[in-house]
Amino acid sequence: MTLALRGRRLSSRRRGELLPYLLLIPAGIVILGLTAYPLIQLLIMSFQEFGRAQIFGAPPTWIWLENYAKVLTDPTFWVVLGRSIAFALVNVITTMSLGILIALLMSRLNRGFKLLVSAGLLLAWAMPPITATVVWGWLFDTDSGVINYVLTTVFGLDFVNHSWLIQPLSFFFVATVIITWQSVPFVAFTTFAGLTQVPTEVLEAAQLDGSTGFQRFRFITFPYIRPVLLVLLLLQIIWDMRVFPQIKALQTIGGISADTSTIGVYIYNVSIAGGNLGAGGAIAVILVIVMMALSAYYIRSTLRQDES
Amino acid sequence: MRNHTALPTRVLLNALAVIVFVFSAFPVYWMLNSALLPTTAIQDSTPHFWPDQFTLRNFVSVVTEPSGSIEFLPALTTSLIVTMSTVVFALFFAFFAALALTRFRFRSRRTLVVLLLVAQMIPAEAMIVSIFRVLDGWQLLNTMIGLTLVYLATVLPFTIWTLRGFVGGIPIELEEAAMVDGCSRMGAFFRVTLPLLGPGLTATGVFAFIQAWNEFTFALVIMNKPDTRTLPVWLNAFVQATKATDWAAIMAGSTLMAVPVIIFFLLVQGRMASGIAAGAVKG
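Protein sequences, first through last, are from chains A and B. The first sequence maps to residues 1 to 308 in this note's numbering. The second sequence maps to residues 1 to 283 in this note's numbering.
Honestly, the hints are just simulated from the structure, not real lab data. Keep in mind it's a predicted model, so treat the numbers as computed, not measured. Using N, Cα and C, we set each Cβ at its ideal position, and we do this for glycine too. There is no bait here: all hints are sound.
Per the computed footprint, the stretches of chain A lying under chain B, defined by three or more beta-carbons under 8 Å from a beta-carbon of chain B, are:
(1) 35–41
(2) 122–130
(3) 137–145
(4) 246–252
(5) 266–278
(6) 286–296
For each label pair, taking beta carbons as the anchor points, the in silico distance ranges come out as:
(7) A:Ala58 / B:Gln43: 50 to 60 Å
(8) A:Tyr297 / B:Thr46: 45 to 55 Å
(9) B:Ile263 / A:Phe214: 39 to 49 Å
(10) A:Asn161 / B:Thr40: 11 to 21 Å
(11) A:Leu169 / B:Leu12: 32 to 42 Å
Here are some of the chain A residues that sit facing chain B, going by a computed Cβ distance under 8 Å:
(12) Val134
(13) Tyr149
(14) Gly281
(15) Leu303
Model the full assembly from the supplied sequences, consistent with the hints where possible.
Right, here's the structure in full:
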């Protein structure tokens, strides 16, 4: 499916034609009411004292930047933010590397094995995030998990009753495995599609000239797929900063939540669990600003692609 | 180029392919395997690598024996109703909006298109703070209507964006011909454009289904009472209650939740994967 628009438009010969506006009303009401309006409310609440009393009906008071001051001077916020960024970076690097490598592998495979890899990737991609988290949590289970068993019997290391979630770093290792497992298929398939666009005559000529595979990748393939990779990179960063279901569900399975929360979970804990919508709102606004800044390039490049 | 690969390289590549397949598919296999084994077998010191003590007991117990207040069937019902409502309304509203944005030229059209993209990038994890408050104010917390509205707002931007492309691919001459024959404009849209949108509606419908079915963050915040849970929230609560005693049941519950989505996903993404090969990017 392409995003190019063919066909002319029925231009509104009568000035003030109503039909397009009427057609936009249903979707417009929903999006305005449940995206735009809450976004404005979020901004407003971040400037207010909004705790449990206000949830139960007390009028909120305007404290302007006090929420932001409290949040930005709270060391926990910076720890969580740093943790989220570091976690996102590790995941992005792992996912992109594996995804590109698997795409390259797929481009060299015969049909049967390519189908095999595609089938596996599709299964991993299809699993709901929360289910994937639960299943991997079971694989890494302390007492009966198969990973501890394999490590002990096949590799001779002592992983009997080893808890993978109690240590924050180990917790995030498991989380990285889960998120990488889920995200690699999209990167692999998209990169593979990009690889098929690379003209084979150029590659064959280079091979005849005696270049190594790595040289061909670096000087011919990579420049062709760089736009695709850039978009993928951006999307991965955005998505990996936002991880909520996986972290939350993994915390349900084990680990100490205070040491393992990323920014999404932190917002939830402060606002929904903790009842402080004002402070939670301030953190949320900061997250929105960061996310929109990251998204700006993606939005621009998609618009450009759309117009061509 | 494949024909020039030497045999040792080919063997290595094929071995890598098998490794990738195993690593990708094993968790799904293990979920099914553990669900079909009795709890006693699951807790054995040596794992059973295939269901040699095959049983459907876990599925039966998950569905019929609610542990505490963690009932599966109400969660399934809620998920089904919310998901189907989201799909149906999303398709209708998005169809109308896509028509407006493709077939007409009017001021602010371009701004709306940009806003559609921007809306897709707003993080839900931030919105939970005010969505909670807004729905509370409208008495829509813990209601299926409230959750459906939120899901609609979530999927509509991408659905409209995608249907735009499909509507644009339908020649306007067909609608004009119908109007020459006496159809009104809306009539032409319904009688000519809509039937031709089958593939587009299917693809976006399945996408909306998967999004709504899997969604966890908003559901956790909005449907926070035990009897209004959706399946993802149910699974989380079920794990919390059962992880010490019965992972086989948890795996059965996971299977029940995942299977509909996996089937839909494979049906559509198989085609998307070839669509991706043709040049689109969204997944």
